[in-house]
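A.B. asks: Below are the chains, spelled out letter by letter.
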Amino acid sequence: MPDRSMIEIRNVTRSYGTFKALDDANLAIREGEFFSLLGPSGCGKTTLLRMIAGFDTPTSGSILIDGQPMDGIPANRRPTNMVFQSYAIFPHLNVEQNVAYGLKRMRLDAAEEKRRVDEALAMVSLAGLGKRGATELSGGQRQRVALARALVMRPKVLLLDEPLSALDKKLREQMQVELRRLQQAVGITFILVTHDQYEALAMSDRIAVMFGGKIAQVAAPKEIYQRPVNRQVADFLGGMNFIKAEIVDDAGTSIVVDTLGFGRVKTDKPAAYVKNGSAATIGIRPERLRVLWDDATARHEVAGTVVERHYFGEITHLIVEVPGMDRPLSVTETNDFGADDLPLGATIRLGYDPDALVAMAD
Amino acid sequence: MKRLLDRWLPAYAALYIVFLYLPVLLLPIFSINTSAVPKFPLSGFTFKWYEELPRTTALLDAAWNSFIVGIAASLLATILGICAARAITRYRFPGRRPINGLIMAPLILPEIIVAVSMLLVLQRMGLGLTLFTVVLGHVLICIPYSVTVLTSGFEGFDRSLEEASADLGETAWGTFRRVTLPMMAPAIISSLLVSFTISLDDFIMAFFLAGTETTLPIYIWGQLRFAAKLPSVLALGTLLLVGSFILLTIAETLRRRAERRTHLTGVAVA
Numbered sequence: 000m001p002d003r004s005m006i007e008i009r010n011v012t013r014s015y016g017t018f019k020a021l022d023d024a025n026l027a028i029r030e031g032e033f034f035s036l037l038g039p040s041g042c043g044k045t046t047l048l049r050m051i052a053g054f055d056t057p058t059s060g061s062i063l064i065d066g067q068p069m070d071g072i073p074a075n076r077r078p079t080n081m082v083f084q085s086y087a088i089f090p091h092l093n094v095e096q097n098v099a100y101g102l103k104r105m106r107l108d109a110a111e112e113k114r115r116v117d118e119a120l121a122m123v124s125l126a127g128l129g130k131r132g133a134t135e136l137s138g139g140q141r142q143r144v145a146l147a148r149a150l151v152m153r154p155k156v157l158l159l160d161e162p163l164s165a166l167d168k169k170l171r172e173q174m175q176v177e178l179r180r181l182q183q184a185v186g187i188t189f190i191l192v193t194h195d196q197y198e199a200l201a202m203s204d205r206i207a208v209m210f211g212g213k214i215a216q217v218a219a220p221k222e223i224y225q226r227p228v229n230r231q232v233a234d235f236l237g238g239m240n241f242i243k244a245e246i247v248d249d250a251g252t253s254i255v256v257d258t259l260g261f262g263r264v265k266t267d268k269p270a271a272y273v274k275n276g277s278a279a280t281i282g283i284r285p286e287r288l289r290v291l292w293d294d295a296t297a298r299h300e301v302a303g304t305v306v307e308r309h310y311f312g313e314i315t316h317l318i319v320e321v322p323g324m325d326r327p328l329s330v331t332e333t334n335d336f337g338a339d340d341l342p343l344g345a346t347i348r349l350g351y352d353p354d355a356l357v358a359m360a361d
Numbered sequence: 000m001k002r003l004l005d006r007w008l009p010a011y012a013a014l015y016i017v018f019l020y021l022p023v024l025l026l027p028i029f030s031i032n033t034s035a036v037p038k039f040p041l042s043g044f045t046f047k048w049y050e051e052l053p054r055t056t057a058l059l060d061a062a063w064n065s066f067i068v069g070i071a072a073s074l075l076a077t078i079l080g081i082c083a084a085r086a087i088t089r090y091r092f093p094g095r096r097p098i099n100g101l102i103m104a105p106l107i108l109p110e111i112i113v114a115v116s117m118l119l120v121l122q123r124m125g126l127g128l129t130l131f132t133v134v135l136g137h138v139l140i141c142i143p144y145s146v147t148v149l150t151s152g153f154e155g156f157d158r159s160l161e162e163a164s165a166d167l168g169e170t171a172w173g174t175f176r177r178v179t180l181p182m183m184a185p186a187i188i189s190s191l192l193v194s195f196t197i198s199l200d201d202f203i204m205a206f207f208l209a210g211t212e213t214t215l216p217i218y219i220w221g222q223l224r225f226a227a228k229l230p231s232v233l234a235l236g237t238l239l240l241v242g243s244f245i246l247l248t249i250a251e252t253l254r255r256r257a258e259r260r261t262h263l264t265g266v267a268v269a
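Those protein sequence lines, which keep their order, are chains A and V.
Residue numbering for the first sequence follows numbering that gives the first Met the number 0, beginning at 0 and increasing consecutively.
Residue numbering for the second sequence follows numbering that gives the first Met the number 0, beginning at 0 and increasing consecutively.
Don't read these hints as lab results, they were simulated from the structure.
The structure presented is a predicted model; accordingly, all values stated were derived computationally and were not measured.
All the pointers check out, no bait thrown in.
Calculated from the model, a selection of chain A residues having no Cβ within reach of chain V, i.e. all distances over 10 Å: (1) Q67; (2) D249; (3) A250.
Covered, in the sense of this in silico footprint (three residues per stretch, anywhere, with C-beta under 8 Å from a C-beta of chain V), are these stretches of chain A: (4) 73 to 82; (5) 87 to 99.
Computed footprint of chain A on chain V; a stretch qualifies when at least three of its residues, placed anywhere within it, have a C-beta under 8 Å from a C-beta of chain A: (6) 164 to 170; (7) 174 to 183.
Glycine included, every Cβ here is placed at the ideal spot set by N, Cα and C.
Using the sequences provided together with the hints, build the complete structure.
C.D. replies: Structure follows, in structure tokens:
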């Protein structure tokens with residue numbers, strides 16, 4: 000049953016006085032899914048995670064885990080385990096004792112307990128480090144211990160609270176791959192809280208993007224990135240060119256718009272699209288515009304003048320002024336053909352796929 | 000002006016320290032002097048004043064009383080201190096600061112006033128003066144110290160450690176037993192030692208509240224009336240001094256170790 004809901008969030012609100020940390024959230028997370036809660040700090044993502052874990056209680060609404068309502072059930076009796084942002088490794092215990100901490104209450108026989116601890120340590124590539132003291136571990140190792148300590152409990156849901164934010168860039172990227180691999184191997188539902196859009200895109204099956212206590216969009220990474228429902232989501236996920244447009248024809252699932260600079264365009268209408276009179280906003284990601292060199296042509300082109308150039312090693316970021324547009328376009332180009340050498344003031348043609356243009360709410 | 004300060008400040012500091020500690024240094028020196036009169040030049044070396052101590056029954060009784068009172072007062076002060084320190088560091092509640100201030104107040108209130116007040120209240124309540132009333136008085140003066148030591152233990156103790164324990168299925172009591180207590184052990188032992196030392200050294204509370212019982216400081220005070228007993232008082236004083244010093248050193252070492260350990264649990268040091 001791959002589509003069975005493991006977590007259901009029903010009309011959950013959490014207020015602190017007049018401030019709503021979470022405002023009438025509804026969400027269903029599927030069994031075996033790698034799900035990310037993505038948003039800036041203060042958007043309510045951690046509040047939601049802590050309510051699923053049982054460290055916080057909804058002001059109203061209810062949370063179901065595997066079909067069971069969690070009202071009044073404390074953290075220690077929920078089928079969830081958490082990897083804390085600070086890892087919360089018990090400093091007075093060694094690696095093995097940390098991992099075995101939760102098993103102690105199950106009163107397994109010693110051999111079975113040892114087998115499960117070793118299995119968990121092997122899963123996170125820490126085999127043989129069981130006797131190491133908690134204070135003698137590197138950041139990456141502490142994180143692995145925190146993972147093993149949670150996974151050894153065989154939870155129905157593993158909750159990860161910004162688990163990679165304390166690691167340096169290289170280790171973080173390595174752990175993203177490992178976490179994803181691990182999730183697929185164990186098949187447990189993972190819920191990740193993060194403010195790093197790349198992390199969410201790289202690891203998740205689906206992402207919920209949150210702002211100011213509300214869930215703005217829930218979709219697969221590609222959908223979220225390419226078809227954001229509004230400017231806020233589009234902006235948070237990465238660079239986006241916003242183009243003013245006027246609706247010419249609104250035909251059910253698609254609309255036809257007249258744009259400044261891009262002419263008349265037909266585009267899919269996103270599900271959550273809100274019509275705002277005849278005005279519309281069209282977006283295109285900077286990397287979906289490509290420089291046309293020499294006499295190369297594309298079915299759809301737009302021409303402009305390079306006004307700024309920023310070099311980033313493997314790519315160059317160009318700012319291109321297009322006649323008739325109210326603001327310049329951002330273009331991200333690989334450096335294979337010399338985008339890093341384009342002189343300022345040069346006139347260039349940009350090709351694009353009309354599918355890359357997306358209509359969204361303001 | 001600056002040159003003048005540079006020259007005289009170290010001299011002042013040295014003088015100050017001599018003034019502070021010379022009398023204390025004289026105590027052990029005269030306690031091993033053969034003469035019964037504490038004056039220079041020293042007449043000879045002896046341990047006889049120390050050898051006399053364990054043969055004095057009144058002294059042994061007083062020592063035993065002090066020991067019992069010290070144990071009881073330090074246990075009570077530490078248990079109450081754990082509750083107070085935990086509340087102060089963990090929860091935000093109205094009146095937190097004033098309450099904290101009131102807990103610390105015995106540090107600056109004149110002890111003799113507190114002792115007299117307690118005497119009045121206890122007698123009105125019809126409680127006879129026994130070692131138990133001394134324990135009550137000592138708990139009162141020990142609590143500011145135990146709360147200070149324990150608060151520094153609880154501060155920086157990463158709250159997510161207790162959450163992690165609950166998350167792993169442990170009950171509130173189990174979490175306290177398996178995580179909070181072991182993490183706090185150095186601070187708790189340190190609080191016990193500090194409280195015990197304060198109780199052991201206290202004269203005023205014991206003087207007012209002990210009734211017919213004696214504790215060590217009261218015994219010492221009583222002996223000062225007899226000039227011939229002075230050397231053995233000096234010997235006893237030396238022992239108390241050394242004992243207190245050792246206990247407080249252990250307490251401070253443990254407190255620092257607890258502080259280091261709780262601070263290590265934050266975001267990882269790679």
